[in-house]
Amino acid sequence: MLRGLNIIAIGGLIAAAAVVYDVKYSATYEAQKVARLNSEIAKEREKIATLKAEWSTLSSPDRIQRLAMKYLNMKPLPVTQIGNFSALPDRLYTSADPIGDIINSLDHNGGARDPIGTIIEKLESAEQAAPAPETTATIAPNEEPETTGSVGETELPEPTGTLGDIPGEAPDAAPDTAPEAGMAPAGEQPEGAQ
Amino acid sequence: MNRFSQMRAALSGWLRFTQGGVSRRRIAIVVLLFASVHVVIAGRLALIGIKSDPQVARRVSNPDLLASTRPDILDRDGRQLATDVQSAMLYAEPRKGVGYVDDAVDQLRTVFPDLDERELRDKLSSKKGFVRLKREISERQQHEVRKLGIPHVGFLDESKRVYPAGAELSHVLGGVNVDSVGIAGLEKWVDSGGLADLHLAGFATGRSLKPVQLSVDLAVQHAMRDELMKAQANYQAKSTSGMVLDVRTGEIVAMVSLPDYDPNKPGKPTDLSRLNRLTTGVYEMGSTFKALTIAMALDSGKATLASRYDASAPLHFGRFTITDYHAQRRVLTVPEVFTYSSNIGAAKIAMSMGVEQHKAFLKKMGQLDRLRTELPESAMPLVPKNWGEINTATIAFGHGLAVAPLQAVMATAALVNGGLLIPPTFLKRSPEEAKKIAKRVLRPETSDKMRYLFRLNVEKGSARRAEIEGYYVGGKTGTSEKVVRGRYSHEKLLTVFTGVFPCYDPKYIVLVMVDEPKNTGHSTAGLNAAPTTGQIIARIGPLLGVEPKFDLPKADQLLLTVSQRAAN
Chain A
1 MLRGLNIIAI
11 GGLIAAAAVV
21 YDVKYSATYE
31 AQKVARLNSE
41 IAKEREKIAT
51 LKAEWSTLSS
61 PDRIQRLAMK
71 YLNMKPLPVT
81 QIGNFSALPD
91 RLYTSADPIG
101 DIINSLDHNG
111 GARDPIGTII
121 EKLESAEQAA
131 PAPETTATIA
141 PNEEPETTGS
151 VGETELPEPT
161 GTLGDIPGEA
171 PDAAPDTAPE
181 AGMAPAGEQP
191 EGAQ
Chain B
1 MNRFSQMRAA
11 LSGWLRFTQG
21 GVSRRRIAIV
31 VLLFASVHVV
41 IAGRLALIGI
51 KSDPQVARRV
61 SNPDLLASTR
71 PDILDRDGRQ
81 LATDVQSAML
91 YAEPRKGVGY
101 VDDAVDQLRT
111 VFPDLDEREL
121 RDKLSSKKGF
131 VRLKREISER
141 QQHEVRKLGI
151 PHVGFLDESK
161 RVYPAGAELS
171 HVLGGVNVDS
181 VGIAGLEKWV
191 DSGGLADLHL
201 AGFATGRSLK
211 PVQLSVDLAV
221 QHAMRDELMK
231 AQANYQAKST
241 SGMVLDVRTG
251 EIVAMVSLPD
261 YDPNKPGKPT
271 DLSRLNRLTT
281 GVYEMGSTFK
291 ALTIAMALDS
301 GKATLASRYD
311 ASAPLHFGRF
321 TITDYHAQRR
331 VLTVPEVFTY
341 SSNIGAAKIA
351 MSMGVEQHKA
361 FLKKMGQLDR
371 LRTELPESAM
381 PLVPKNWGEI
391 NTATIAFGHG
401 LAVAPLQAVM
411 ATAALVNGGL
421 LIPPTFLKRS
431 PEEAKKIAKR
441 VLRPETSDKM
451 RYLFRLNVEK
461 GSARRAEIEG
471 YYVGGKTGTS
481 EKVVRGRYSH
491 EKLLTVFTGV
501 FPCYDPKYIV
511 LVMVDEPKNT
521 GHSTAGLNAA
531 PTTGQIIARI
541 GPLLGVEPKF
551 DLPKADQLLL
561 TVSQRAAN
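Going line by line, the protein sequences match chains A and B. For the first sequence, counting from 1, position 169 maps to 169 in our numbering; every step adds exactly one. For the second sequence, counting from 1, position 178 maps to 178 in our numbering; every step adds exactly one.
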């Protein structure tokens, strides 16, 4: 009984010693790692400081001016070239809701001042006159020309809210030709115009 | 010790079992022997612990001391003006021996051919504990020296102060000596905050120090220096200096004094280029002082802009005669006194105020006392000992009282910023902080009238060449004759221009001083300092974010709106 207890105690002692040994050495190891990292940080800081100093030297106004005068064909900025906002002419066309305006112009077939509207208008009339195969092919390859045209027309008068939803469905949903043309007119312009 | 007592206890236990007398005695002797050796070792350890070997201590503390750093100095936008860079330093410990000195000298000179042979031999054969052989050693050179294997020769990291902008800001920054201690300028000021003591104690190490941010704008400083260098060459002047001051906060945005020096290179402190003429020199500021005279009269209410002063005949004081450079020979109004820069008129204005009041006013404007800033270098104004009527008459137009140019600029700022005297500073300062330390010296209405006069002088008066369209520049020229061997010289002139822009709401003052311009035909301020100031304003206006306006009324209308504002 006593001997068993002793054996357990000795076993416990050895285990404890092993654990303490391990903890001590891992602590030492960690401490060394910390010290190494600290010295690395210090070294990096020094390097950063050196690089900063180098950058400041290289970007010093004196040097930049010398280089600019040697290699660039630039002149000092005269005061008369500085303007202010009130000196600017009024914007030709301003709108709080540009997308709504596009839809409106499409709707009324007007939009004389709206280039995007005019493009779409042209695109539509081209489709209606003679379904251009390359236009439909690029926009919706699976659909037949006349279907796209008619769907586009029914979709157009929709309010802005619907328009916002459509781009999400665009890749797979079939009847999205017109909104897509409305959304990305600049890219489609050459094809639509031709 | 603990181990020893354990051992002895174990031994004595074991001795009890051994019965033999002789062996017992022998063992006791051995125990005693070992015990005495232990005592000696323990004693030596204790001694080392209590009183450390000076050689050992040196090795421990020295690297820290050498690596001690200074705070970075930044401009107002955070660009680096001064920083520390670590570099290796070669040292030797001759007391410990470096082997054969001749061999060591020859070997070291294979790596560093520029080392002086005799000096090196002297250093290595001395009995010093520590000698510094060479600074700034590259990695490759370090490697080569290590390969030589000379005993007790090694490397230490030390920090070196570098100024990336070079000579751009030399006088403001000052410089440090080889031990990284500030010897001039703001570097010295940085040390005065207890940094030197920290260094000695070995605490100021690493990059823990907070950077010092200045009010100086490096871009503005460069533009100003560039323009002044052009002017220096153009007018063949002995020296050219200038500064830009923010009139709302008292911040010094740029300060140049040519000739200047590169703080990266050690130089003689007695060298003339080390002199900052704007703070350390005192000058008779000439006609720019008339602005102060007129402001005094306007502020006291004794004179209005419509007051008239007879400048038809020269003024006589005993053997002195005061004449006008641009003589009109008639009665002049106050604006005419200003724009024609009439000495007679200014003298009469000052005399109408009386000597005591004139003196009190200049005292109030800080012209009679030493102006202290962060820069350790400052100069005491030269004030006449017996201030009589003639002194008042001449000081009215800037002769007979020599002040530091920075001081004069501070007073001019008060004339145009609404009447607040703000001590100038080289450190960044907010308008709120400036308001706290500002002292009201003039009524705001007086300041409005002074703005009008400054602007009028550019539109119609002697400062026409300072005009830069869009910035509504105002200013006053000043040409003073320098005293050579006790007499005023007609050849050696100092020309000064104080420019204010924009005059409808002044933000900055630009001062330009050209000392002894030689180019004939360009000797007065209106012909050299004024156009230089104009060029500087055209360049720094956009940098400082001052919006140019092209639809502004003439000065007369400015005054009209001012008087309307006063009436309401």
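Worth flagging that the hints you see were computed from the coordinates, not collected in a lab. A couple of the hints might just be wrong.
Mimicking PhoX-like on lysine-lysine, the simulated pairs with C-alpha atoms at most 20 angstroms apart in a straight line are [what the hints assert, rightly or not]:
#	chain 1	residue 1	chain 2	residue 2
1	A	LYS43	B	LYS96
2	B	LYS439	B	LYS482
3	B	LYS210	A	LYS52
4	B	LYS518	B	LYS188
5	A	LYS47	B	LYS507
6	A	LYS70	B	LYS238
7	B	LYS230	B	LYS210
8	B	LYS554	B	LYS507
9	A	LYS47	B	LYS188
10	A	LYS52	B	LYS160
11	A	LYS75	B	LYS127
12	B	LYS210	B	LYS554
13	B	LYS428	A	LYS43
14	B	LYS518	B	LYS238
15	B	LYS160	B	LYS265
Note that the structure is a prediction, hence the values are computed from the model and not measured.
### Query
Are B/LYS428 and A/LYS43 close enough, with their CA atoms no more than 20 angstroms apart?
31 angstroms, violated
### Task
Quickly compare the C-alpha distance for A/LYS75 and B/LYS127 to 20 angstroms and report which way the hint goes.
63 angstroms, violated
### Task
With a cut-off of 20 angstroms on the C-alpha distance, tell me whether A/LYS43 and B/LYS96 pass.
Outside the cut-off at roughly 30 angstroms; violated.
### Task
Take the C-alpha atoms of B/LYS210 and A/LYS52, compute the straight-line distance between them, and say whether it is at most 20 angstroms.
Between B/LYS210 and A/LYS52 the Cα gap is close to 16 angstroms, so the pair holds against 20 angstroms.
### Message
Need the status of pair A/LYS70, B/LYS238: alpha-carbon distance at most 20 angstroms?
### Response
29 angstroms, violated
### Query
Holds or violated: B/LYS439 with B/LYS482, Cα cutoff 20 angstroms?
33 angstroms, violated
### Query
Within 20 angstroms, alpha carbon to alpha carbon, are A/LYS47 and B/LYS507?
Not satisfied, since the Cα-Cα distance of roughly 40 angstroms exceeds 20 angstroms.
### Query
Is the Cα-Cα distance between A/LYS52 and B/LYS160 20 angstroms or less?
14 angstroms, holds
### Message
Need the status of pair A/LYS47, B/LYS188: alpha-carbon distance at most 20 angstroms?
### Response
26 angstroms, violated
### Message
Between the alpha carbons of B/LYS518 and B/LYS238, is the straight-line distance 20 angstroms or under?
### Response
This hinted pair holds, its Cα atoms lying about 8 angstroms apart.
### Query
Does the alpha-carbon distance linking B/LYS518 and B/LYS188 stay inside the 20 angstroms limit?
Distance ~36 angstroms between B/LYS518 and B/LYS188 Cα, so the pair is violated.
### Task
Compare the distance between the alpha carbons of B/LYS210 and B/LYS554 with 20 angstroms, and conclude whether the hinted pair is satisfied.
Roughly 48 angstroms between the alpha carbons, so the hint for B/LYS210 and B/LYS554 is violated.
Violated hints, listed in ascending order, are 1, 2, 4, 5, 6, 7, 9, 11, 12, 13; each of the other numbered hints is respected by the structure.
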